[in-house]
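If you're matching them up, the sequences are chains A and B in order.
Everything in the first sequence is counted per my numbering, starting at 1 for the first residue and increasing by one.
Everything in the second sequence is counted per my numbering, starting at 1001 for the first residue and increasing by one.
Just so you know, the hints here were simulated from the structure itself, not pulled from any lab data.
Virtual Cβ for every residue (Gly too), placed ideally from N, Cα, C.
Please note that the accuracy of each hint is not assured.
[Stated by the list, open to error] Some but not every residue of chain B turned toward chain A, in silico, with C-beta under 8 Å:
{"hint": "1", "residue": "Arg1090"}
{"hint": "2", "residue": "His1208"}
{"hint": "3", "residue": "Thr1225"}
{"hint": "4", "residue": "Gly1232"}
{"hint": "5", "residue": "Val1370"}
{"hint": "6", "residue": "Pro1431"}
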Amino acid sequence: MAAMLQAIGVASPSVAFSDHYNKSSVSSIRSFPVIRSDARSSSGSIHGSFKPGKIITKATATQTESSASAASKPGHELLMFEALREGLEEEMDRDPRVCVFGEDVGHYGGSYKVTKGLAQKYGDLRVLDTPIAENSFTGMAVGAAMTGLRPVVEGMNMGFLLLAFNQISDNCGMLHYTSGGQFTIPTVIRGPGGVGRQLGAEHSQRLESYFQSIPGIQLVACSTVYNAKGLMKAAIRSENPVVLFEHVLLYNLKERIPDEEYVLSLEEAEMVRPGEHITLLTYSRMRYHVMQAAKTLVNKGYDPEVIDIRSLKPFDLYTIGNSVKKTHRVLIVEECMRTGGIGASLTAAINENFHDYLDAPIVCLSSQDVPTPYAGTLEEWTVVQPSQIVAAVEQLCK
Amino acid sequence: MGFLGTINPSSWSSYFTHNHASWCKYIRYPTSISCKQPTLFTSHRFKSVKPENQLDSMHNGNDAQVLNFPGGMVKFTPDLKFMSESLEERIHCYRVLDDFGQPISNDFVQIDEEMAVKMYKDMVTLQIMDTIFYEAQRQGRLSFYVTAIGEEAINIASAAALHMDDLVFPQYREAGVLLWRGFTLQEFANQCFGNKYDNGKGRQMPIHYGSNKHNYFTVASTVATQLPHAVGAAYALKMDGRDACTITYFGDGGTSTGDFHAALNFAAVMEAPVIFFCRNNGWAISTPVADQFRSDGIVVRGQAYGVRSIRVDGNDALAVYSAVHEARKMAISECRPVLIEALTYRAGHHSTSDDSSKYRPVEEIEWWRVARDPVTRFRNWIEREGWWSAHAESELRNSIRKQVLHAIQNAEKVEKPTVREIFTDVYDVPPSNLSDQEISLRETIERHPQDYPPDCPTS
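From just these sequences and the hints, can you work out the full model?
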């Protein structure tokens, strides 16, 4: 498995993190504050309106760079799968009810090493290797959660969770409601998804589009090492069932994150790069393609605003709305397929809520409505590339 | 799994040899285990939340007649013989009372007068409640109902053998279990009418009861999805080291689902203290068991998964009581799943949306309802013990009947939950999109009150 991981590598190695770091001087001129939940009080903070007086900080990963000068601790560098593990481990230390279920998560350490070492530390009952039946161990997680545990279910690949759809939608999502609030289901369902490097159609699923209708669950997608750890912790602490989408090609991203504990908000979007001309909405791996395109766009004289929406259900319409009101143009870049994807819902939501502020129709760049082909060249053409993003922005900003 | 298959096999095996010592405790199928103790390697797993000490690896002697296969020693045979698809005789069925309530066994768990009389009273209550609620649906006062006629012994006797701490994951024909645990007739009626006193806040169909106070998990309409839930909950009990087990009920039809297979398999592998109670009542709506499976019922499947199992007469309250009592002891003390198949008959229709005379002979239904009635059989026994009389019988039936009618009348009059309850409990706190949707709905109701039910409270 280690050999495979190295072969997969990082999606867009040419993305320069320094790009959005340079824009970190934003806080002084930013007119809208972004609320960031502090480490202790992250539950129940789904917000419909902004409350003045709360902690006001930037919501971006630039936190580490700017705080380095002010804070005493320099932070530590690690890869994304290590950050996920760190978040999981911290939560397992903090709360003995947190446990992990999945195939090969125990002694094997997980197919992407997110749970490596945990079984040795916590025992094979708390980090449980399950037989191959996704509907069953997801069902088990539902039962365990209703009985007081806080399970984290790992789908070896998100696509396999389609076998658990019944349990996720009819039980995980519904039982809190149908029981009249008597039973809560604080589970986290996570795993790698998205288009990888020639993994074949069945292992390149984008489940966020299939799951987004299910009432009762929250969907979040992590994209950086910083937000991966923060979202993992927030998801575990949430009382609602949360599906955390990781991406197969992002596990080897390296970044410096703070030593001190932090938890992010599940319902917040992340301002990656503030700008004036156009709003680029994206999530997960596409963030890096967008940032690469942003570099090109800046050189051409554009000033794009890039927002990583992070919360796929519910959308952070507050952050998104403020951006639309400023730039009046929206481009959505996603890896989902065109029909029924996250972009389709987001387009509808923005049109409904912010129609008056738009100077141009919303454009959505997505993958085609085809199963992901195996051949490398064909696969590359089904994923939105930076050059397409640049062309679309130029078209929109004409 | 494409990507796993690309692992270089030589690096995989070198990982094995390098880490053999530390791997021993994690290896699923150790290559050297004595066949005299085939369960040795399983008993050390899934026991603790702290890592165990490592198992010593063991060596076998060389014997040409046996081979070390994963899972244990296997003897060879030179005969080309297939295992038969069925045993010569069907698995025997455990029974304590004969058809007339006479004990024919000494091997059962004794119950005292107080317990026996409570059991009987609850069986009668269940029977009367079912009859009257069914009538109420026929009269149009309820939208839907499901009866447990013919399965009163299963409901009450299994509940009586459990403790209140045991968690119940029902299917939908186990209202009697909830009744035993203290759910009142009024509470049953409230749920069926979906009024504001319903635990479920009017969100589920009738008979989808749920009460965390009584450790009875809310009924979901999906078939057999409660089986993995029960396994997960048993896992939680095991992690906590609690002196309790879980029990889950399902029918003959439910055993065909994927969830049944995986739940039994999981429970066996994980050594979870769960009782799988199958109510084999002969019918899955209109599908008879002959069209459901070709095995000898459900009990034979237990061994296929490594689960201890028993077949009992489901219409014999004492047999059901004893079986569940013993199963509970085994599940908790030995930390293992147990499968109980109770043979019975669905004397009523599948639900109020079904007319079973369309697919089965009325004489068959009548015979089971009368000659095999579990309530009558148990009454004969307690009367013979001197604990019951005809007078007590008529008194009880009159009283229960009045109470049930009263409960229905009350529940009918209570108003329904408010509009607000459409949007609460979807999440712990309603997110902005749901709050917006609620405002929008309220505005619509205000503008067009004539299009909405008049008794729909908005505040």
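Now for the hints, and whether the structure bears them out:
Interface restraint check: B/Arg1090 against chain A, minimum CB-CB distance 29 Å, threshold 8 Å, status violated. This hint holds: B/His1208 has a C-beta 7 Å from the nearest C-beta of chain A, less than the 8 Å allowed. Interface hint status for B/Thr1225: upheld, as the beta-carbon distance to the closest one in chain A is roughly 6 Å, under 8 Å. The beta carbon of B/Gly1232 comes within 3 Å of a beta carbon in chain A, closer than 8 Å, and the hint placing it at the interface holds.
Interface hint status for B/Val1370: violated, as the beta-carbon distance to the closest one in chain A is roughly 37 Å, over 8 Å. The interface hint given for B/Pro1431 holds, since its Cβ lies 4 Å from the closest Cβ of chain A, which is under the 8 Å cut-off.
Hint check: violations occur at hints 1, 5; the rest are consistent with the structure.
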